[in-house]
Structures are given as structure tokens and as C-alpha cells.
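Place chain B on chain A using the hints.
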Amino acid sequence: MFFQDVSRIVGALSTWWWLILCLMFLLYIALDGADLGAGIFALFSPDEEERGAIMASMAGFWDGNETWLVVAGGILFGAFPSVYGSAFNYLLIPLAFALWGIISRAIAFEFHVHAIGSKRFWGWMFAFGSVLAPFGAGVALGGALQGFPMAHHIAAEGVAGAHANAFDAVPHYAGGPFTFLSPFSIWTGFGAVIAASLAGGLYLCARFVPGDVIHERAKKWTNAFSMIALAAIVITLVWSYAIFPWAAAKWTGANWWVWLIWILVILGFAYMSMTAHAASRDFVALLWGEGVVALMWFAMWATMFPYIVPHTWGIQEASNPADSLAVFTLFMTGFVPIMILYNWYQIWVFRGRYTKKAMYAGH
Amino acid sequence: MVLENTLPVLLSRMDFAWITSMHILWTPMTIGMSWLLFILEVAWLRTGDERWYKLNRFFEKILIINFGAGVATGVTMEMAFGILYGPFSQAVGPFFGNILGFETITAFMYEAGFIGLMVFGWGKISKGMHLFATFNVGLSSSLSAMWILVANSWMQTPNGIVLKDGLFQVTNWWHAIFNDNFVWGFPHMWVATVELALFVFASVSAWFILKNRNADLFTKLLKPTLLALLIVTPVQIWLGDSVGRDVAMTQPTSLAAMEGHYHTYLPDGKVNTGWHLIAFPNAQNDGNVFAITIPHVLSLLETHTLNGKVTGMDQFPAKDRPDVWVPFYSFRVMVAIGFFLFFVALWGNWLRLRGKLNAESLRKNPWFLRAVVFSGFLPYLAIWCGWWTREIGRQPWVVFNLMRTYQGVSHMSLGQEVFWFVGYIIFELTVWSGAWYFFSRVIAKGVDNIPHSDTLFTHHNEEGSHEEEKAGGGFAKPTFASKPMLDKSR
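Heads up: the protein sequence lines correspond to chains A and B, in order.
Quick note: the first sequence, position 219, residue 219 per this note's numbering, numbers continuous.
Quick note: the second sequence, position 252, residue 252 per this note's numbering, numbers continuous.
The following block holds chain B by itself, in its conformation from the complex:
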């Protein structure tokens, strides 16, 4: 039996998988949406069109709930490597530790230093300064994604290091940072965040149009969003294909698991080129009990030739093979979602070409709107599936081909592992259900109670009788007090 599937190791994997899966629910929206809010803010400042401002302030409410959930679950992540994977953390410290240090200093804190200004700074800082704050939130969260992907990609393709004295010591920083997997893996993840945020925009807009609330306003948003998606969704498919071919070269076991590809050659000695639509791997993990197979497709996908050789599981000893079930199916779900979202983008722009992308015509044919509302949830599932494919496909290694997962697990009792798991099930589900409940509340409330942007800087005239002593000796107005901007309905 593969050691990684024995109870203590499996539980420690579950401990980490759970907190990571529940954290990746939040970060993509922060990363993608902060740029979209930046674009909305620029649009407002350049055109003076109040509608962009309203939309910005509305989606900002969703962003800050999302951000709170991201921070709540993210602080744990920064500590969890040492807690759950102590020996791993010690061994990878010279590279991976450095990179996580870079992330906290140049990204996590950078973001925290500007998110307050972005959300609560309206009217307290100048418009230019506010735009600068929004820009910094966008840049810092993207930087964060970059560093985390550097660290994770390096676990997939650990380049630029040598194992000495029990530590992975860096021999070439450039190769370690821009490792094989990172080159495609980071763009794939970053574009996923943009695609998710765009679909959240589209989904919420479609819901409002469907409900005939502020339908014209949200149609105005839906148009450029769908146009952007027409570019983003196919680019993401292309990036995904590139990641796949990279994995085929650098992590053949992972690719074989993703495709349920056990036999490199067919019994008659020819290259096995078949791609499985559905497969049931057997219990010994050395073949499929049942599969629906299309010849040549696998070779086409991975080598871009009809009969190219794709290495199968049979080329590796049983103890080095990952499980197939999760990578195989989660990979297929992710791909299906990727193509479905591309189709939705095509559909929307085709409607626009025919002049039907206006609130009235859209409501006459509500199936498009329903499909878009539904599409807002799919990127979440796709991102989950992608990461499960990636992480389970790498097993039984924590650092591919160099450190087995069981070698990196902390010295914990089963009780501790269960304690962690149960505790985090409670807390992560509280975060998740709370955030989604309040998303729905904010959306249900709508945009109507967002005051005009004129009120942002006029509060100085309305009051002026605040002469209290100021903490820090500086001049400050209790702007919260008189600013309708930030009233209870925030």
C-alpha cells in the first residue's frame, strides 16, 4: 500500500486540503475583482458617469465581505505549513520559506495596508489617492498570487536546488523561481481569477436584469463584461492546454492519473493513444475496470500529433503512482466548465451582434440570463477541481520526485489531526455560509440606496462644529458621522 494513504498521513493531507480548499474560495475574487473595480473607478473618473461609480460601490461591498473571509482563512494558511508539515517546512526553508516570506512582506501586508483606504477611505482621501489605493490592492493581491504560485509550482517542478544536509539548498534562484510549472501555472491561475470575477459581474448583472431591477444599469455593465469574457475564456482554455502539456513532460505520473492512462502501449505493441471520456480505475491502481475510450485524442492533446507516445502509469513502480479517481474526474469537470463558460461568452456576444443585448429582449428569452446567473458559480468549482487535480496528481510526493508526503508530515497524534480537522470544519463552514448569506443580502438590497458621489466631499460644509481634541493632535473630522455615504446600509 502507498504510505501516503495510511491513516495518519491521509488525515494530515485532509487537514491541509480542507483549509486550502476553503481558502481558495475567497482569494480569486479579491484578485480579479480589485482590477475590475479599478477599471470601473477609472471609467467613473474619466467620464464622470455616475453609473460607473454606483456599480463600483455596489461590487465593493461584495469585495469587502469576500476580503474579510479571505483574511480570516488566510492567516491560518501562513502558519499551517509549520503546524501540519513541520519537517517539510524545515527542509524547504531555504527556498520555499524565503518565497513565503516574500509573499507576506511584498503582498499580504501590502494589500492590508491599502484595503482599508480603498473601502473606508471614500471622502477621507482625495479621488486620486483613492484610485491609487485601489490600484495597490489590485497589484498587491496579484503579487500574492504570483508568489504563492512560485512556491506551489516549485513543489511540482523543483528546479534550481540541491538536497544537502537535509535541506533543499538553492543553486539557481532564477531557475527555482521561474520553474517549469510556474511559467504556465501562474498565468493559468491569474486568468482564472479574472474569469471568476468577470463571471461574478455577469452573473449578478443577469440576476438584476432577470428581476427587472436597475436593468439598464446592469445591461450597461453586462456588455463590456461579456466582451472581455470572449477574450478571456478561450485564452484560459489555451493556457490550460499549455499547462497540461507541461505536466505531461515534467510530471508524467500526474498526467497519467489525470487521464487514467495506465498502459503506455497496447497489447499489440502499438502506442496507446486513447483518451478516456469515462474510466473506472481498478483497486490495484494498475488498469481500468471500465472505460469509454476515443483513440488518438490523448496523443493529440498532449503531443499535438496523432500517434505520439504518452507515458502511462505502468512505467512507474506502484508506490510512486498517485490515485486516479480524483485527478481524473476533477480534471474533466474543470475542462467541461472551461468550455461551457466559453460557450456562454459566445452566446452573449452573438446576442449583442444581433442587437438583442438589451434589458427588454433579454427578459423575453430568460434562458440566456439564467445560464449567466448559473455561470457565476462554475468558476469556483473549476478552480477547486483544478487544484485537486494538481495536488493529488503530484502524490505521493510533496516535493515532486524528491520528498515524499509522509516525510514532510508534522509529528502529531491522530487526536491532534482530528482536533484540527473538526475545528476547521466548524470555523470554515461558518465563514463560508456567513459570507454567502451576506453576499445574497447585499445583492438583494441592490444599488438604489447608494448615494450620489457628490456627497463624498461635501460633508465638510454640513457640519463644522466639531472642535473636540483629536487623537494624535492632528486635525480630523468624524466624517463617518455625517457622511450618508457610509450609513448603516453599507
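Isolated chain A, as found in the complex:
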């Protein structure tokens, strides 16, 4: 009786943290996605002044936006350490590339303004880092969707003289270095770059004054990437349907109509974003566009439920013991709205539209 209650509590709390984890990852892709996309746009910027203006436009909040990824990682470690310790081991190579991209961007932000002779170098570090980060993260996401092999007695493998030990009771990652690599995971890498590019275009349109050079180019960029992104969504959905039985079973199962409505709502959001964009209501277009991201993200997590990593880690089996989960819930849940509040305040302080010249000169 008592153990039944405990397991129900664990079930409820772990699901709660699964939801917060979903929200943190969403905040990361929605907010930093736009920053990364603006960086991808900067890859095609004609001069350092433009790259500098794009960097300056997010100088006050890029760090906060990026840190949602760290928070998501921290929650993964705090609530689902089994996933943290095995999935990250599995994704070593794509994560290393994503982290190198993040490093390049982070230092470029601080160095570009001070540089004189090396301005071009840091400009390129910013732009390339902005491509590398979503690509690596996208490959990692695709890899995670595929699931990965695990086994007991793997921890000490490869170390001559090592023997079985108490820690083998937990299953560890058992695949090779390239297990993540597949046409699908490479595609999701490109998919992430495309999605970020669209978000970045919408962000730049909202951030720069209409008529400004950056705004003009960002407008065309956004038009093009709207189409590319819609195509990418279709490709990803069809591909997932074909290779993931767990997804196919859900989408065409008894509740098929929920998914159909969901898709129609997403298309509606996309339509609203495109019309707002065409009418130069840029901030509204950005919000509708972020809505598309949110709806797609929720749909993905709902499709994976009750797994965190499909057919590898279920929410309950991956979660921490009841005691740790309870402590985590008690002390950390309250901070989630607080984090959102002060981040919102920081972004709000730096709101407004700028011109390329003003932004660059003012930085």
C-alpha cells in the first residue's frame, strides 16, 4: 500500500519534471533559435558593420536566451540523471560540435566590438558558430529520436583488469561512437538550421526599422525560408512516420483526429505568421512563428510520451528516486516562473527597433 503510494507520487512528480523539461527546451529553441538564425543570416552579410549590428541587437539578452539550454541540461541531470548520463555519452560527437559552435559565438559577441584587425575573424566565428550550434543540436535531437542501445556491465569495458561492480546495476550506453549517425539524424541537423534561419529572419525583421538594409534583406530571407521550412516540416513528418513505428502508431491510432486538428492549427499559425509578415507587422509575425515552433515541439513530446528517449528511457524508469525528486520539486519549481519573469524583464528593457547604422555605432 505504502509502496504503491510512493510509486504514484514518483509517477506524478517525474511527469511534472518531464513537462518542465519540455518547456525549458522549448524556451531555448524559441529564443536562442531566433538569435542563432540571425547569426546564420550574418553568414551572408556583406560587411562587418552589419554583423556587428546584428550582434549588438541581441547584446543584452543573448546570454539569457542561450542559458535555457543549460537549464534544460541541469533539469535533465537533476530529475532524469539516467538519461543525462547515457544520452549525452551516446551523443558525444554531435554535442561537441554544438558546444564548439556555442563557444565561438559567445566569445565573438564580446571580442568583435573590441577588435580592429581581427574584426573579420570574429565576425566569421559568430556566423559559423551560429550554423554549427543548431546543426549539432539538430543531429543530436535526431539521434535521440532513434533511441540507443544500453547494457549492464558496460562501465568498465575496455579497461583491462576492470571487473564487475555495484554500478552495473544501472544500464549504461553500450553503442559505438557513430551509432547516432544516420540519414535521418543528418537531416534533422539541416532541419534545425532551416528552422533557426526562419526564426532569425522573423527576429531581424522585428528588430530593425522598416526600410533599413538589414530589414529589407531579412524580409526576402524570411519569405524564402518560410517556404523551405514548410517543405522541411512535411519531409520530417513523412520520414518520421516511415521509420518510427511508435510515431506512426500514435498518429494513425484511435486519436488520429487530435493529430489532424493539431496539424491544421499549426498550418493556421503558419498562415497567420506569413500574412502578418507580408503586412509588415513584424513582431506579430515573429510571435505567430514562435507559436508554430511551440506547437510542433509539444506535438513531438506528446508523440514520444511516455518515453523521454523513445523505447530507451521511459519517464518513470529514468527519473531520480522519490526522495530526490521530491526535494527537487519543493525547492526548484518556484524558481521556474521567477526565471521566466526576470528574463522577460531583461528582454523588455532592450526592446525596440533600430537601424543598422545606429545599432552598430551605438555598440
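Hints listed in this document are in silico derivations from the structure and should not be mistaken for laboratory results.
Some hints here could point you the wrong way.
Computed spacing ranges between beta-carbons, pair by pair [to be verified]:
1) A:Ile243 <-> B:Leu381: 49 to 57 Å
2) B:Asn172 <-> A:Gly334: 57 to 65 Å
3) B:Met14 <-> A:Ile261: 47 to 55 Å
4) B:Asp454 <-> A:Ile338: 33 to 41 Å
5) A:Gly334 <-> B:Val183: 25 to 33 Å
Nothing here was measured: the structure is a model prediction, and the numbers come from that model.
In this text, a Cβ means the ideal position worked out from N, Cα and C, and glycines have one as well.
Below, chain B without anything else, positioned relative to chain A:
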């Protein structure tokens, strides 16, 4: 042979040691200097003295470069436990994972949420709000240090847990968080960050006085900085001694390695009380080939008695002994730096007592200034050495006496380990060289182009013709545009 020294495990240790060593170069300055900037900002607001404002804005430029480097290298850290030490992360999840989660939520994000306001918010938010932002950066970065030290100290002295089903399950949160090592280890690290930031202040000031640029301004800063160091440097030595005695009790193997102390008893049966100034451990790791030894000092240091027993390496099986070379020498370098910095603080305040701490007299005797400039680099080395002592002294355990390092290593190929290592050598060195290059640029540029604080809030009058549509529908001025405050010379 100790398994932890076989190539795959050794490489994974190097992978982690490299990224950690290159990360600890940045965080101490952020932690310590954010409080110093808070004090400067309070001084400016209370006295209205423009000089405090100038100094604040000048060191803030250094802080933000440093902060960028810290974030760049820090995001990796938050992921690296799972990537490089997956089985470790899974086993320690119930406690260590929770603590890292606490850190990201209550510290990492907290800091990120206010650093933008602190650096770019001048003139956009009120003075009070800005001071609040600076305060929050100070508090959040110190909180971050606290949580990380909770996690690391627990690896040294894993209290309050039981190993069940392959997981370290918490039995007492209070004991696990305030574990034996944390009680002294955290103050030691936190004071190190303050000492480092104070010495960066002093070092930069001394350089300007030496170059006779804004010499009076920087003398004004040097005086209280040296006074603070007169308190901080001896406190740090005392804290270090306390950590050492704690390690002697809780991690005898680590202490024995730090002191190259192999034999608990001398051949004649008496307690071995000798402290080695220099030692060359032998290849079997069971004795010293050569050593310069001073009797009684080791017992004095660790037990505060003349002939107290200090457990030597010979009390532990060979497979449980850490390597001696690194802990032994890095510990000595750290201690030497600690005392040298105390001496510099004494020197400076003695000059002040004799009325010689003014720009003119200081330049007449440039050796003091040179010593202070040099001292700005030493805390970095001391912090490195301290952490190397701590981490290598704990070997061959990742969680002391409970989980061996090889048991925590991720399932990786040698190729992956090399891939990670090479990649991070390139990226971390780029971060390091870039940051230090731009530090030198900012310092060379000096304080003269920092505009008066009056310009902070006056930009509203200068323009006023911006009627463009605002994103978010709110009222916003493109303040960057007209604010000389944040012009190209930032």
C-alpha cells in the same frame, strides 16, 4: 598498475581536466569582481564622486570579456559530466545531479538574467535598478560557486548517502550538502575569488601608476584595495590550513600525496613527523628517491602538535594510492603564492603607513609597483594548483572511497577521447588567447574615453524624433544610437 593510469581512463581524465582547468580561469574573476564593482557603484552613488564611476565602467569592460569567456567554457561544463562521465552521472544523479540542477536554476540562469542589464542597461534603467542588477550578478555568481563546491566537496567527502541499486541515494540532505569538505572548501574557494579580483584591481592600478597614466585616480583605488588585501590574504592562509587539516582527517591518501608522506613511522619505530620541502617520489610510488626534510613540521601543520601521527601512504594498498608528483608540487606552489601575496599586501600597507603610497613616491621605487603588477597573475596559478592538488589527490576515486574513476568513465573509444581533447585544445586556447589579448587592449586604452556619468540619462533631450513603430508595442528609444556612453570604444 593503478587502473586509473591506463590510457583510456587517463585520457578521459585529461579530457575533463583540460576543460575544467580552462574554465576555472574565468569564473573566479566574475565572482570576485562583481562584488567589487557593486562596492564601486555604491561608492559612486553615495559620494557622487565621478572617479568611482569611471573606475567601475573601466573594470566592467574587463569583467564582460571575462564573463563571455566564462559562459563560452561554462556551457560545456554543464554537459560534460554526462558526455565524459556518463556512468558516474547516472550513479550520482540522486544527489550530485540535483545539486547541478539547483546550480543552473538558482545561479547560472540568475546571473544570465542580470548581466545584460548590468553591462548594457546603463541609462536604460534607473540607477537604483542598475545597482540592483549589479547586486544580483554578485549574489548569483557566488551562489553558483557555492553549489559547485557542494557538488565537488561531496565527491571528496561523500556524506549523507547510501549506495543502493547502483545509485548514491540520499539518506540525509543536510549532511550531504554541508559535508565535511564543503565547510572549509567553499570559504577557501570563495575567498580565492575575492583575492584574485582584488589583485587584478591592484595589478592594473599599479600598471597605470607605473606608466604615469591617470596615476592619482588609480592610487585612489590602490589604497583601499591593498587594505582589503591585508585582511583577505592572511584569512586565506588560515582557511587553507583548515582545509588541509580537514583533508588529513577525511582523505588521508590525498594528504599523504600532497606531502609526499610515504612512511607513517620511521625505521626506528618513531612517528615520522618530517615535512618535505622537495621530494622525488620513486616509480613504485612507495617512497622518495630524494627529499629535503624538516622534522616536526608536518605534525605541526596537520595536528598542531610536535609529534602527532600523520597517516602515510604505506597504510593503504598500492592500488588506492594517488600519484604524488602533481599534488606535492602544485600544493607547494599554491602555498608559496599565498604567502607571497600576503607579503605584497604587508609591503603596500607598510608604504602607506610611512606616507609613501602616492603616485610620485611609488614611481621613485618602481619595484613595489612591479611586484604588484606581477601579483595579478599569481592567483590564477594558485587556483589552478589548488584544484589540481584537490582532484589528483582524490584519485584513484571519483567519489572518494566509493566509486573508482574508471567505473565512472563513459563508454567511449580512444578516438572519441582524442577528438574531444584536440577540439577543446583548439577552442579553449582561442578563448584564452582572445580574452587576454582583449584585456590588454582594454587596459591599454585606459579610462580617458569614458564619458561623464551625466551623459547617462540626458540622451532623451538630445533626440526625440524617433517615432518608429516599436517591437512589442512598447515605448522604446534606440538609446544605443545617441548615447556616447556606449560608443565604439566600449
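Range first: 47 to 55 Å. Now tell me if the beta carbons of Met14 of chain B and Ile261 of chain A are that far apart. This hint holds: roughly 54 Å between Cβ atoms.
Asn172 of chain B and Gly334 of chain A, beta-carbon distance inside 57 to 65 Å? Since the Cβ atoms of Asn172 of chain B and Gly334 of chain A sit about 23 Å apart, the hinted range of 57 to 65 Å is violated.
Regarding Gly334 of chain A and Val183 of chain B, is the given constraint of 25 to 33 Å on their beta-carbon distance met? At roughly 27 Å between Cβ atoms, Val183 of chain B and Gly334 of chain A fall inside 25 to 33 Å, so the hint holds.
Is it true that the C-beta distance of Ile243 of chain A to Leu381 of chain B lies inside 49 to 57 Å, as the hint says? holds, 53 Å
Kindly confirm whether 33 to 41 Å is satisfied by the beta carbon distance between Asp454 of chain B and Ile338 of chain A. holds, 35 Å
The earlier numbered hint that this structure contradicts is number 2, and it is the only one.
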